[in-house]
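Produce the entire structure from the sequences given, and follow the hints as far as they go.
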Amino acid sequence: MSSTTDMGAGRAQIAARTLRTDRWWLPPLLNFAGLGAWVLYATVRAFMQNWYFVPEYNYLTPFYSPCVSNGCVEQAAHLGRFVPDVWFLPYALISLPFLLLFRLTCYYYRKAYYRAFWGSPPACAVAEPHGKYTGETRFPLILQNLHRYFYYAAALISILNTYDAVIAFIKSDGSFGLGLGNIIIVANVVLLWAYTASCHSCRSIIGGRLNHFSKHPLRYRAWGFVTKLNGKHMQLAWATLASLAITDAYIMCVSAGWISDLRIVG
Amino acid sequence: MSHWHHFRVWRGDSSEGDLVDYPVEVNEGEVVLDIIHRLQQTEANDLAVRWNCKAGKCGSCSVEINGKPRLACMTRMSTFADDEVVTVTPLRTFPVIRDLVTDVEFNYVKAREVPAFAPPEGVAPGEYRMQQIDVERSQEFRKCIECYLCQNTCHAVRDHEENKAAFSGPRYLMRIAELDMHPLDAADRKDSAQDDHGLGYCNITKCCTEVCPEHIKITDNALIPMKERVVDRKYDPIVWLGNKLFRR
Numbered sequence: 313m314s315s316t317t318d319m320g321a322g323r324a325q326i327a328a329r330t331l332r333t334d335r336w337w338l339p340p341l342l343n344f345a346g347l348g349a350w351v352l353y354a355t356v357r358a359f360m361q362n363w364y365f366v367p368e369y370n371y372l373t374p375f376y377s378p379c380v381s382n383g384c385v386e387q388a389a390h391l392g393r394f395v396p397d398v399w400f401l402p403y404a405l406i407s408l409p410f411l412l413l414f415r416l417t418c419y420y421y422r423k424a425y426y427r428a429f430w431g432s433p434p435a436c437a438v439a440e441p442h443g444k445y446t447g448e449t450r451f452p453l454i455l456q457n458l459h460r461y462f463y464y465a466a467a468l469i470s471i472l473n474t475y476d477a478v479i480a481f482i483k484s485d486g487s488f489g490l491g492l493g494n495i496i497i498v499a500n501v502v503l504l505w506a507y508t509a510s511c512h513s514c515r516s517i518i519g520g521r522l523n524h525f526s527k528h529p530l531r532y533r534a535w536g537f538v539t540k541l542n543g544k545h546m547q548l549a550w551a552t553l554a555s556l557a558i559t560d561a562y563i564m565c566v567s568a569g570w571i572s573d574l575r576i577v578g
Numbered sequence: 006m007s008h009w010h011h012f013r014v015w016r017g018d019s020s021e022g023d024l025v026d027y028p029v030e031v032n033e034g035e036v037v038l039d040i041i042h043r044l045q046q047t048e049a050n051d052l053a054v055r056w057n058c059k060a061g062k063c064g065s066c067s068v069e070i071n072g073k074p075r076l077a078c079m080t081r082m083s084t085f086a087d088d089e090v091v092t093v094t095p096l097r098t099f100p101v102i103r104d105l106v107t108d109v110e111f112n113y114v115k116a117r118e119v120p121a122f123a124p125p126e127g128v129a130p131g132e133y134r135m136q137q138i139d140v141e142r143s144q145e146f147r148k149c150i151e152c153y154l155c156q157n158t159c160h161a162v163r164d165h166e167e168n169k170a171a172f173s174g175p176r177y178l179m180r181i182a183e184l185d186m187h188p189l190d191a192a193d194r195k196d197s198a199q200d201d202h203g204l205g206y207c208n209i210t211k212c213c214t215e216v217c218p219e220h221i222k223i224t225d226n227a228l229i230p231m232k233e234r235v236v237d238r239k240y241d242p243i244v245w246l247g248n249k250l251f252r253r
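Protein chains in written order, with my numbering: chain W, 313 to 578; chain Z, 6 to 253.
Derived from the structure by calculation, the hints contain no laboratory data. What you are looking at is a predicted structure, and each value in this text was computed from that prediction instead of being measured. Please note that a few of the clues may not be correct.
Calculated cross-link-like contacts (lysine-lysine; reagent style BS3-like; alpha-carbon spacing at most 30 Å) [unchecked claim]:
#1 Z/169 with Z/73
#2 Z/62 with W/540
#3 W/544 with Z/148
#4 Z/195 with W/544
#5 Z/222 with W/527
#6 W/423 with W/540
#7 Z/222 with Z/169
#8 Z/169 with Z/239
#9 W/544 with Z/222
#10 W/544 with Z/59
#11 Z/195 with Z/148
#12 Z/222 with Z/148
#13 Z/73 with Z/239
#14 Z/239 with Z/62
#15 Z/148 with W/444
#16 Z/62 with W/444
#17 Z/169 with W/423
Some but not every residue of chain W turned toward chain Z, in silico, with C-beta under 7 Å [what the hints assert, rightly or not]:
#18 523
#19 561
#20 565
Pairwise CB distance ranges, derived in the manner of DEER restraints [to be verified]:
#21 Z/62 with W/455: 38 to 48 Å
#22 W/475 with Z/200: 38 to 48 Å
#23 Z/6 with W/446: 48 to 58 Å
#24 Z/21 with W/337: 29 to 39 Å
#25 Z/32 with W/531: 50 to 60 Å
#26 W/318 with Z/126: 29 to 39 Å
#27 Z/201 with W/455: 13 to 23 Å
#28 Z/239 with W/576: 24 to 34 Å
#29 W/455 with Z/129: 40 to 50 Å
#30 W/474 with Z/113: 35 to 45 Å
#31 Z/138 with W/321: 36 to 46 Å
#32 W/341 with Z/134: 21 to 31 Å
Each residue gets a CB set at the ideal place from its N, CA and C atoms; glycine is no exception.
What follows is the structure, encoded as structure tokens:
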């Protein structure tokens with residue numbers, strides 16, 4: 313029983329879980345649907361092991377970067393192929409787990425899924441359904457404190473994504489090419505960098521941990537920039553989910569031959 | 006221009022109580038506290054309510070209006086439809102004394118548990134010198150009016166009375182963050198934030214930020230930075246290795 317409706321603590325005796333009259337249930341419902349749909353799509357694509365690369369234009373989907381499985385097309389395997397080609401191992405085995413953990417421990421997503429999936433709380437001033445709450449004080453949720461290490465990994469993976477975006481301008485015959493796919497891939501990489509740079513851990517590392525900004529003027533300026541980006545962290549979190557899915561879906565469609573890439577140059 | 010509005014006000018004490026219906030006249034430009042005062046003057050002379058400044062600066066008139074923790078003096082009646090029932094209850098996290106007045110002693114206890122500002126050795130009062138950019142970050146936290154809406158809405162204690170002993174709540178974790186960021190504070194507050202004040206109970210669902218009448222970004226600017234400072238201290242393997250190797 314929630315203490316909100318428990319009369320034992322001398323609180324006002326109100327039996328209702330909440331007296332809110334607005335649609336407080338809508339944001340958690342939308343988050344549940346949005347995050348659930350994305351996780352479903354990403355899981356299917358990560359294990360599909362097909363339609364992840366367009367050899368002609370060097371388009372590689374971020375869900376398969378870096379492609380390190382023995383099953384990868386050689387042209388797409390920039391870091392070599394060393395992971396067994398079995399159905400239960402994603403081709404991007406060395407990046408996907410870190411990206412998943414980076415998002416899972418992200419301060420914004422934590423808010424979103426604690427509310428939407430665990431109801432802790434479902435919304436402000438709405439009693440949660442759980443009888444006990446220890447927050448992030450003990451295992452496993454105390455591991456949320458490892459967010460910054462997944463941030464370091466995500467920053468390294470963003471460098472790989474940037475490399476993928478650059479070499480996608482070079483076609484398989486070595487000539488320069490520009491298509492709609494390039495624009496989508498570059499937009500995705502820009503958003504990924506913005507999301508990574510807006511991370512709360514990044515804000516702390518850059519300057520938040522300092523007590524004397526006056527002694528570190530460059531870090532102070534960088535902290536100010538990251539602080540501005542950090543204010544848009546939620547929007548960037550959703551924008552990158554969308555851009556990742558759009559980029560992957562576009563490359564899948566071109567790779568499968570369902571559509572042809574809209575070419576601007578070459 | 007005035008109209009009649011349907012109010013429901015919780016009346017009672019810690020042993021019993023219920024919502025009581027009142028039809029009440031509302032004039033243009035009024036706030037919920039005005040209506041509560043009108044009820045006191047007309048239909049409910051013994052209605053208890055705590056208030057003081059009527060300007061959103063004293064933090065006294067914290068109540069819950071249609072289930073949302075708010076200041077009664079800053080909630081305009083024009084934000085409700087004419088036919089909308091307005092329900093006013095006391096804060097639901099603290100023991101009720103009577104009607105809309107609660108006992109907020111929990112917050113005073115937690116305030117006393119936070120060690121005061123500790124200047125460095127050899128620096129006497131009057132000799133404190135700081136750069137503006139070093140203190141302006143924590144000046145945001147000084148806007149707090151101690152209304153306790155954040156303490157009231159935090160589900161860690163609102164829904165779990167048993168956590169009150171271990172968790173100081175957002176207002177006092179913000180105070181710890183303010184002192185930890187202070188350029189002249191010499192006390193070490195990182196371990197204490199987690200071990201003594203329950204920083205880990207915060208699951209950053211941001212309700213404290215949503216209800217703050219001063220619009221202080223409690224979660225983003227105080228609680229998360231404090232969590233990150235604790236990570237620096239307790240969970241950073243590079244720092245841990247350095248401490249082991251160099252016995253710092």
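Now for the hints, and whether the structure bears them out:
| no. | hint | result |
| --- | --- | --- |
| 1 | Z/169 with Z/73 | holds (21 Å) |
| 2 | Z/62 with W/540 | holds (28 Å) |
| 3 | W/544 with Z/148 | holds (23 Å) |
| 4 | Z/195 with W/544 | holds (27 Å) |
| 5 | Z/222 with W/527 | holds (25 Å) |
| 6 | W/423 with W/540 | holds (20 Å) |
| 7 | Z/222 with Z/169 | holds (23 Å) |
| 8 | Z/169 with Z/239 | holds (24 Å) |
| 9 | W/544 with Z/222 | holds (13 Å) |
| 10 | W/544 with Z/59 | violated (34 Å) |
| 11 | Z/195 with Z/148 | holds (23 Å) |
| 12 | Z/222 with Z/148 | holds (11 Å) |
| 13 | Z/73 with Z/239 | violated (37 Å) |
| 14 | Z/239 with Z/62 | violated (38 Å) |
| 15 | Z/148 with W/444 | violated (33 Å) |
| 16 | Z/62 with W/444 | violated (35 Å) |
| 17 | Z/169 with W/423 | holds (22 Å) |
| 18 | 523 | holds (5 Å) |
| 19 | 561 | violated (31 Å) |
| 20 | 565 | violated (38 Å) |
| 21 | Z/62 with W/455: 38 to 48 Å | holds (42 Å) |
| 22 | W/475 with Z/200: 38 to 48 Å | holds (44 Å) |
| 23 | Z/6 with W/446: 48 to 58 Å | holds (53 Å) |
| 24 | Z/21 with W/337: 29 to 39 Å | holds (31 Å) |
| 25 | Z/32 with W/531: 50 to 60 Å | holds (54 Å) |
| 26 | W/318 with Z/126: 29 to 39 Å | violated (48 Å) |
| 27 | Z/201 with W/455: 13 to 23 Å | holds (22 Å) |
| 28 | Z/239 with W/576: 24 to 34 Å | violated (52 Å) |
| 29 | W/455 with Z/129: 40 to 50 Å | holds (45 Å) |
| 30 | W/474 with Z/113: 35 to 45 Å | violated (53 Å) |
| 31 | Z/138 with W/321: 36 to 46 Å | holds (44 Å) |
| 32 | W/341 with Z/134: 21 to 31 Å | violated (53 Å) |
Taken one by one, the earlier hints fail for this structure at numbers 10, 13, 14, 15, 16, 19, 20, 26, 28, 30 and 32, listed in ascending order.
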